[in-house]
Amino acid sequence: MLEADFKYIIDTFFTLFAMVLIIFMVPGFAMLEAGLVRTKNVSAVLTTNIMIYSIASMAFLLIGYTIAFGSWENSSQSIWAAFLFQMAFVGKTVNIMSGGVSERAHMIPLAIFTVAMGAIIYPLVVNISWGADIIAGTMLDIDMYDLAGSTVIHSTGGWALLAAILIIGSRKGRYQNGKIRVIPASNIPLVVLGALLLWIGWFGFNGGSVGSISSVENANLVAKTIMNTNTAGLSGAIIAGIIMYVRYKLFDITMILNGALGGLVAVTAGPDLYDMHTPILIGLIGGALVVFAVPLFDKLKIDDPVGALSVHLINGIWGTLAVGIFIDSVSFMAQLKGVVVVGVFVFVTSYTLLFIINKFFKFRAKDDVQVEGMDVNECGVEAYPEFKRAI
Amino acid sequence: MLEADFKYIIDTFFTLFAMVLIIFMVPGFAMLEAGLVRTKNVSAVLTTNIMIYSIASMAFLLIGYTIAFGSWENSSQSIWAAFLFQMAFVGKTVNIMSGGVSERAHMIPLAIFTVAMGAIIYPLVVNISWGADIIAGTMLDIDMYDLAGSTVIHSTGGWALLAAILIIGSRKGRYQNGKIRVIPASNIPLVVLGALLLWIGWFGFNGGSVGSISSVENANLVAKTIMNTNTAGLSGAIIAGIIMYVRYKLFDITMILNGALGGLVAVTAGPDLYDMHTPILIGLIGGALVVFAVPLFDKLKIDDPVGALSVHLINGIWGTLAVGIFIDSVSFMAQLKGVVVVGVFVFVTSYTLLFIINKFFKFRAKDDVQVEGMDVNECGVEAYPEFKRAI
Amino acid sequence: MLEADFKYIIDTFFTLFAMVLIIFMVPGFAMLEAGLVRTKNVSAVLTTNIMIYSIASMAFLLIGYTIAFGSWENSSQSIWAAFLFQMAFVGKTVNIMSGGVSERAHMIPLAIFTVAMGAIIYPLVVNISWGADIIAGTMLDIDMYDLAGSTVIHSTGGWALLAAILIIGSRKGRYQNGKIRVIPASNIPLVVLGALLLWIGWFGFNGGSVGSISSVENANLVAKTIMNTNTAGLSGAIIAGIIMYVRYKLFDITMILNGALGGLVAVTAGPDLYDMHTPILIGLIGGALVVFAVPLFDKLKIDDPVGALSVHLINGIWGTLAVGIFIDSVSFMAQLKGVVVVGVFVFVTSYTLLFIINKFFKFRAKDDVQVEGMDVNECGVEAYPEFKRAI
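Chains as they are written, first to last, in the numbering used here: chain E, 1 to 391; chain X, 392 to 782; chain Z, 783 to 1173.
No lab work stands behind these hints, which were simulated from the structure alone. Ideal placement from N, C-alpha and C gives every residue a C-beta, glycine not left out. Fair warning: there could be bad hints in the mix.
Stretch-level coverage of chain Z by chain X, calculated; a stretch enters the list once three of its residues show a Cβ under 8 angstroms from a Cβ in chain X [claimed, not checked]: (1) 833-844; (2) 1038-1052; (3) 1124-1134; (4) 1162-1173.
Pairs of lysine-lysine, DSS-like flavour, derived with a Cα cap of 25 angstroms [what the hints assert, rightly or not]: (5) Z:Lys1170 / X:Lys757; (6) E:Lys388 / Z:Lys1170; (7) X:Lys563 / E:Lys388.
Based on the sequences and whatever the hints tell you, model everything.
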């Protein structure tokens, strides 16, 4: 057998394996978001989750992939595997959003935005970061190191979410008379399950982004990448637990899990470059950032029911900059430029588009709809119809 | 290393990978069914699910595999991997049933039927479709193309379920005074989780059915198969959502998920043969069929609490015929003959056997048992004992 | 390509695959334990679960791995993959504990014990069983066959748990006036989901423990190992179901699942050595042992809310001895010696350490804290705040 054939076969298999792990993030996001919102909005957040995942993937298949990469060709592994791996990413950017605007956003305008996100906005981000690079040679050309998408995926989803929250506003009753009303998660086991499935998905996300396992060097790189990814998740969880205990004498499991996810987002830009101890530090900072960012967004009256901005946007930025800080051969300024260019592009296009869509299809559910719950009004299906409500 | 050894190693590994994905369908079916039935029947449907999965697998190990394939030999990969992959299928045929007869069927007669299903009925279907082929050369010989079992798995499970529903009857109170009583799903997050795990399992189901990944051609074929499988699931979900919204202005998440599953069943017969756009159409039709078949079965007073007939039987048939429609080299009549021969065989043997078993061990729980719930009466374990019931 | 390079690549990939399956045991244990405890303690058991998993893994990364294996070198596959695979094990030993001491143990002392378990106690067990072997040549040197850790993982976790239960005592009100108060599981679907994820994880646990898939012989061995693992789980579930029905005319799903897990623990010491039928017997005995051990521990007033001692300790011992019984080339006495040496070491060190920790940080929650629930007092987060309690 030719060595090239061997590599082709192994890398195709490996990419499919990594893709499957990423797809576990679909139930991951779904369960996380279903557990964090109130019972009256659980069916709606799940429906939104599944619909925009499906729409974004289909838009990427029909249009987006070509915009991102220019051609459907790949000589080092099956193009179908390469496509599937890339397609698995696009759903993440919109599922980061579905939780953050939950409990008050209608699905149809979000579905319309999703078409644009999957077909154009996200593919353009990929194009200039990893793909055909239509701005090569221009002043805006970016040269950031972002292995698996701290910026390309997580900040992108985060910036779009921020634009959406600014347009849609906070949930009714969330900020009243200068006070913040705490709305607790309705189903903690689902939150835990969702976060752990995301964690597992990250192994495919980051490991698969190495792009090949078919040489000894790449096999080592893939394994190190997965190890470093995991390490940052561990330290993110640990530091969030410690901070919560020091401040409140209580271990808040939702914060511990968001700490883990924050660490995972942060390490995503360069897990292949770090030695085995650096991710501990990156995760510690990432987890701590989440714990401090969550109340900060609330002070700014930016209402994010699932903490997605703290996890994905803040840590997407931190993680991208971290590569420039910890890796000598990577320029901090190049990282910063990447963060800014992608951030400005995604935020401005998303805000503009969301603003226009909002003129035709109001994003925000009316107050009485919010009070009664999105499930009854948008889905006709209650999440737990046989269970008596305590509140 | 010999090329043959390389292929043997890679294909064994790949088959194990695919098998593991299929096994995720065990929690997939379990969560889907647990979420769709009423809280008073959740423990029972889960118990039935696990017990018949275990019994069917054991029966296939002890008897069924030999009936299906004649010998325990395989020169192209480890026989143990090949066996595991085949064994992972058999549980699906009975778990399609466990949901459809839930809320009124006793476990013991179903367990007895499962022994026959795992040891003889399903293995004979495999024998004539994929295996030793004892009817080769006879008038009944079938020459259908069914890569991963639209007919062999899904219709088989569906026909057996239809026979069971005809014998067991509908749930008490379901059809009264000419009206259909709507019984809502009790736990939507579990339904979503279950459906998504099934979706993931399908990648192994269909991808693994290619049988080998150890050449460049096969690597492409496996990747294309998984891509096409996924595409049909996406379009099935999207069309179900659109139809529900057009008809009711509501997004019913259970229907959207069943639409996705319908698309997945439909593409299963030929995902390796289609170009990248055909599965979109197959999934659109598959998802639409589910949306229209669910109320149709109710009009016929065929009570299927989880929509399994619409998903597995109807789309199993559609998917098998679709190969004959869309692929020039596949004969539509051969596909139709396969559907009919397998359908008649499974329905007649299942009906006969279920009828006989029903004489000795009544399948149908008495009315008061149904009212009180199967959990208390069959398991002694309530699913959610600490939660106060609203209804 | 060099054959050695091919093997290196394939085995690294395979170990990563197996590792990922084991990591599914993290949500597996979490969901199992969350489903088995009362709703007022669900957040706490989940928090404990995640925190001690993270701490044990980090301790193993920083200290434990070096103690177990002496050096960070591996020439047959990526050291990072080999490390990840080993690290995935350590969390199991502490997560076996978190369920068994749930509903009355504080997290901080358990976290402190976890540091010792992940950094020293478990690594020393690995050292003398699979690793650098610091007691080679001494009287205590053990020569037990334990492929994937019936003793090294499961009994180790079990002995530590037994020590913890003896120090912490039973839940308030569990044994009163000579009677045993039955405390039912609060969420059966989570129990089922958790058990099935553990089952899937076992394929990686045992299959990966073969250590290599890169020869025809090893490919067969891996596949046979996974098949035998699965078979024991099936027969464990079936026998538990049969015994429950014979004794109580009821199918208790928690017992059926613990029967499956008991069979899986029991087969873990030698799944590569058995023919395809022996695991049926091992699983039958393993499942039966669980059914009889659960009430026995209750008679002894050893309060184990999740049945972890019956599953992991009893079947860890049975499984290790079974290799000596069924495999001619393995000495029964060597197996027994391994069980005793590891058991005495783990129990004595754990008991001593837990006893000392308990002097400074009381493990046991006060009665009123137990009555109110650990969630409110330890986490500040209720698991299901919107659901009205029935009891």
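Evaluation of the provided hints:
1. 833-844: With 0 residues in contact (Cβ-Cβ under 8 angstroms with chain X), the coverage given for the region 833-844 of chain Z is violated.
2. 1038-1052: holds (count 3)
3. 1124-1134: Violated: only 0 residues of the region 1124-1134 of chain Z have a Cβ under 8 angstroms from chain X.
4. 1162-1173: Answer holds; 6 residues pass the 8 angstroms Cβ test.
5. Z:Lys1170 / X:Lys757: Outside the cut-off at roughly 30 angstroms; violated.
6. E:Lys388 / Z:Lys1170: Between lysine 388 (chain E) and lysine 1170 (chain Z) the Cα gap is close to 6 angstroms, so the pair holds against 25 angstroms.
7. X:Lys563 / E:Lys388: holds, 24 angstroms
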